[in-house]
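Based on the provided sequences and hints, a complete structural model is requested.
First to last, the protein sequences are chains R and B. For the first sequence, the UniProt record's numbering assigns the number 1 to the initial residue and increments by one for each residue that follows. For the second sequence, the UniProt record's numbering assigns the number 1 to the initial residue and increments by one for each residue that follows.
It is worth saying that the hints were derived from the structure and are not from the lab. Treat the hints with care, since some could be wrong.
Output of the computed footprint for chain B on chain R, the stretches with three or more beta carbons under 8 angstroms from beta carbons of chain B [what the hints assert, rightly or not]:
{"#": "1", "region": "33-47"}
{"#": "2", "region": "78-87"}
{"#": "3", "region": "156-168"}
{"#": "4", "region": "257-267"}
{"#": "5", "region": "277-285"}
Backbone N, C-alpha and C define an ideal beta-carbon position, used for all residues, glycine too.
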Amino acid sequence: MFSYFLRRVILMLPVAFGVSVICFLLVQIAPGDPLTAIMPVDATADEQAAMRAIYGLDKPLPVQYAIWIGNLAQGDMGKSIATGRPVAGEVFGAVQNSLLLAASAAVIAFPIGIFLGFLAGYFRDTLLDRAVTAISIAGVSVPNYWLGIVLVIIFSVNLGWLPSMGAGPGGSQDWSWDWLHIRHLVLPAVTLAVVPIGIVARTVRALAGDLLTQDFVLALYAKGMSRGDVLRHVARNAAATALSVMGLQLGYLLGGSILIETVFNWPGSGFLLSNAIFQRDLPLLQGTILVLALFFVGMNLIVDVAQAAIDPRIKRS
Amino acid sequence: MRHFKEGIAALLLAASLTCAQGAAAQGTLRIGMTASDIPLTTGQTDQGGEGMRFMGYTVYDSLIEWDLTSADKPSVLIPGLATEWSVDAEDKTKWTLKLREGVTFHDGSPFTAADAVWNFDKLLVDTSEQYDSRQAAQGKSRIPAVASYSAVDDYTLEIITKTPDATLPYQLAWILMSSKANWEALDKDWEKVANTPSGTGPWKLEAFVPRERAELVPNEAYWDETRIPKLDKMVLIPLPEPNARAAALLSGQVDWIEAPAPDTIPAMTGNGFTISSNAYPHNWTWHLSRLEGSPWNDIRVRKAANLAIDREGMGALLGGLMVPAKGFLPPSSQWFGEPTFEVKYDPEAAKALLAEAGYSVENPLKVKALISPSGSGQMLPLPMNEYLQQSLAEVGIEVEFMVVEWNQMINLWRAGAADAAVEGAMSINFTYFIQDPFTGLIRHLSCDLIAPNGTNWGHYCDPEMQALFDEIKTTFDPEEQDKVLRKTHEKYVDDALFLMVTHDVAPRALSPKVKGFVQAQNWYQNFSSITME
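Structure representation (structure tokens):
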């Protein structure tokens, strides 16, 4: 297991390299100029050229990439062009906030999704199954930024129960687990949880429905096992696949919450990424994408290892 | 049962804390900005006019400032850290500024002429120890006239310009003074200064969370007693998404938002919020290509386009939050003058002019226009441009749009009409600051500022106009200079040099608790007079 784990970690290096090359090239292809964020429109061509030289943007692309990757190898992710602040601080602070949001959404979504999925799978082709199916399809289909706006109108504007934006009265740096802060998390986390509820419920429904028709379930009943014990066996059999789906969903929650973070002004990686895109803030863009991609790869690795631990049939070689 | 009681107690505590938060808001003004980040805090701000408004003229002062006390008349320059300024009678490149005595930075150090010199070096001398590329990027281009400067004594500053330039006072109104002592105390590190900046302004930055909030408190020792803030605190929150801004105001999380979307205004006014607006030097136009072969070289076509737009009708699209253009500058501008060409809606006259030029609805003039789907100060660019497209089609001008994202639009604005990247577009819809003679008039049409050297996008060059620009720069008496500026603007309008459409009115939505705000006809505002009920 250890050698498998080590090999996977080593394999992350070429993935990280590939991601870094792709994101570097993609941001270069997009039209626009990072200097527009930091210079008035009246800046003369000479002043622009001088500033381009200061930020190294006048160098050929391969040289720019080599400098960036060289600094990265030494743990320096560079400085944001738009803000002048170190990219590492910006990215890790934002990722931390996104993790908080993603984990909260996962805590809401996964138990609900599993419960609904199992219910639908067990009572397959009944009214209950159809109701759960309808809920999951709606969850996956409803645009979550629209749902976010609707929830804000209902719970913030009309009822005044929950705040509509931000990560707490003093900002994310003062985060603590009290109601004053948690209330800021409720609406974005619920909105973000809707899609994974649908996906997890659909997955678990299919797994449970399939497993319940297999011979081993009949054999367990034939041995006189109670319904609860049989379901426990079914759950263990479904766990590995469900875990894999949930792991991927956690990755999506972290990297795919740009719209939700924008709607709720949540200071996470999605919000950071969207600003970096609009400002063509290349170092910040590259740093954020790289960290998110590595998180996704790392998440896959953790899920693989956990799968093997849960289900001994899954051999790792 | 014990858990139930604990739960009830927790809920009561939460409720009391929530109420306490509301109570703490007395004397605290929370503003939702359109910026996506807190503007640069070290002195010379970024984020355009909004940056100067919230982090510039609040924490810092400039030598010469804008008068922000009146809502009824256009802003003029007034003494700031300099009490008086004059140009040498013999040598028109030599300016002397008398500095205000007894002014201290927030860190307690005194402001002197040596500090002013140190601040100019911060922006202009890249070999100086305090040179800051981020502030230089914002400030250097604002003072193109400055050649050198020196401290004659503690309270006398001398500035030499490259050529005689009577617009220097307007240029100096951009330059904000940071504390040298504070920078030295913070290991000469601008990153550290960003967290604990020190200016001489009426507000002090107390707390700062990048991208999330900045908290300003009054500088009780401010040199102008009439501008010592009455509030306990002002909190700035970046809220770039218009719906998030509106929801934050309606749910009571902020007391003030910048630029409410027109379609959210009925909900706000219906809930007791007020909309504050006023004319200010902002322009929403189409700049026209004057390259050889451009149809906009024909004055009949330019006038026809200007007569084809029902600007009052556009007001409905913007919830009435606009000033219909009567010229290039807003009608309330001190430099508007008395142009003879009346910018109004007269489609028949437009058709007649186009017929003279050889075009009609059946045989339309075909033009390509650069527009953006969004952007700072662009108001509602897509529906507004579609409105123009429809209006122009009705008189015989068929417009094809080239839509580009805002960041790229800025690049194309800088590149100019002749650049291959604009793909033959003959006009560009761009909005901007027109507060001083340079940004308001000179930069758009000066021969030496033809893109990419400057922002004369259309490559216009006219000796008569250039002579007027030269006269603006060499007329040192402010009243005489105003006369030249009026004459220049009259030529702008009479020659119909742009498609003049509208001016923004800087709308902001305020909670009924906000009292005492006077919205000046300026990009910057005075927050010192505000109280919270």
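Here is what the structure says about each hint:
Under the rule that three or more residues need a Cβ within less than 8 angstroms of chain B, the assignment of the region 33-47 of chain R holds, with 13 such residues. Beta-carbon proximity to chain B at under 8 angstroms applies to 4 residues in the region 78-87 of chain R; the threshold of 3 is reached and the given coverage holds. Here's how the region 156-168 of chain R fares: 8 of its residues keep a CB closer than 8 angstroms to some CB of chain B, so the rule of at least three is met and the hint holds. Coverage of the region 257-267 of chain R by chain B holds in this model, with 5 residues showing a Cβ closer than 8 angstroms to a Cβ of that chain against a need of three.
For a cut-off of 8 angstroms, the count of residues in the region 277-285 of chain R with a CB near a CB of chain B stands at 3, and the three-residue condition holds.
No hint from the list above goes unmet by this structure.
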